[in-house]
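Same order as they appear, the protein sequences are chains A and B.
All residue numbers for the first sequence refer to full-length UniProt numbering, where the first residue is 1 and numbers rise by one.
All residue numbers for the second sequence refer to full-length UniProt numbering, where the first residue is 1 and numbers rise by one.
No distinction is drawn between identical chains; accordingly, a pair holds when it is met within one copy or between any pair of copies.
Using 27 Å as the maximum straight-line C-alpha spacing, the simulated BS3-like pairs for lysine-lysine come out as follows:
id : residue 1 : residue 2
1  : K53       : K39
2  : K25       : K80
3  : K128      : K24
4  : K80       : K24
5  : K24       : K61
6  : K219      : K128
7  : K39       : K123
8  : K183      : K171
9  : K182      : K171
10 : K61       : K80
11 : K53       : K25
Rather than coming from a laboratory, the hints here were simulated on the basis of the structure.
Protein chains: 2
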Amino acid sequence: MAPIDDSEKEQTEVIDSPIVVQLKKLDDDYLELHRAYEKEEQELRRQFSNRQKPLLEQRTKDLLVSEGSEDPATGTPALKGFWLKALSNHPQFDGEIEEWDEPVLEYLRDIMTVDLDPNDSTKGYRLKFLFAENPYFTNAILSKEYHSAESSPYTGEVNVSEINGCTINWKDGKDVTTALVKKQKETKKGKNNKSVKQESKEEQEPRTSFLRSFFRSLKEGSGLPESIHQDELERIQGEAEEGMDEEEMVEAIMSNDYDMGCAIRFNIIPFAVRWYTGEASPEGDEDDEEEEEEEEEDDMDEE
Amino acid sequence: MAPIDDSEKEQTEVIDSPIVVQLKKLDDDYLELHRAYEKEEQELRRQFSNRQKPLLEQRTKDLLVSEGSEDPATGTPALKGFWLKALSNHPQFDGEIEEWDEPVLEYLRDIMTVDLDPNDSTKGYRLKFLFAENPYFTNAILSKEYHSAESSPYTGEVNVSEINGCTINWKDGKDVTTALVKKQKETKKGKNNKSVKQESKEEQEPRTSFLRSFFRSLKEGSGLPESIHQDELERIQGEAEEGMDEEEMVEAIMSNDYDMGCAIRFNIIPFAVRWYTGEASPEGDEDDEEEEEEEEEDDMDEE
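From just these sequences and the hints, can you work out the full model?
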């Protein structure tokens, strides 16, 4: 149990009537049994996870077969872009992956997950994205850690305190998270500042990108990361509730990020094939797409 | 597995390449192990639940002790309004319980839950609210059933198809979900319809109430229930996304209702004492209250 400070302890002792003390004892006994259940449940999960592991390993092997493949230089020669498609079909990644992220993610060979603490899954987990050799970056693995803790034994809710991404070592001129942008540059001439010459210059500017947003680090209680792109920030501000400060926005980003991590961990890694084929996508998604297209058309009509 | 219709089956067969067929086999084997895990996990949960049951029964007994109680005619003489307070302190019930619901809920003696299908907890559950004899209604138990089903094996998401509440048999003039409202009644006189006499008449009108909203029945795909109060409807419409139709609003109500049910089932019933004392309430709630008070003060300043 977490230590409580004296003033709090005192206050609790003052408030608790004998009947409350008596009932709390029952509550504690209930919690003790709940903890014992959780321990056994975790052991059970570990057992089954060990039995499932060879199936996932076999999947990775099958996807590596390059016989008859058009493009053996991809991460999954047997089915080009397997993981990109599996990720893209999950609703949690809707609008997250840009077209310039796609050729990079085609080099994904496998995604793996592991608990940070093998004895306590509430403490968080690591995701590992294994890449084939590719023209974009030199990392063989991009990894990411979610650090969390149970926020209350009475709700079972988990609170994410920190997300640690990794640095992507982009090859020269291959960083898809930036783009060359033509910029007008003003050059002042003369003393009266009136004669201005405009020079056109190309500059490498950041742009929205899954590879930018998904591998950055975030921390509870901190301000917005510097690497955040203006478009992403505007989207978050648009979705944010009124009066949200920077810290609360970071919390919202972390919560969305954690949901993406859990989608990978609990849905996509186990059943990647069904996400690849689209069979696992929730019903009605096609309707949504149709509706969106219609809306877009409407928007165009209005213009 | 659910049967799939022929056209769907045919389509899948046409699309699947040998490698996809091969990978789907691995996916199915993974799912089979996942099902085996779920079965063992459910058995484990049942075992622990049986060990925890006597603790909950002891709690009910302890709360019934009327010795030294100011008001032995309440549902929990040892701690008057125990369940009302436990419910009210959970964030899921914020703004749900009106002041006229409160004296009724003070007669709550116990809340219990049971799976509809003892072998499959995804099929839904029943909540039973046990009441002491009270001046308001004749039911000894108000009950409610949530019918659900796993919507996809690949996400583990549960879909609620139906919520069945019960009829409350209010004693004469004791229905707190309605109130006497003075109404101006127009009485037309004369042929030209110009001479109008206004009569004041008192009528029993519905008002927002936890006891009204929580025990009504709802069904997926149906329209809004007749019993819905105008204020509640306006609140839902205010929260609803733009372009939501009636069916989607019912879905949103059902989803919120299901969350309330789960809060009772997984948080409040197990640890009712900590909800009663407020120790289980999430951190920062006090701050929120303070902020709200400040905001209210600000609003008053502006007026």
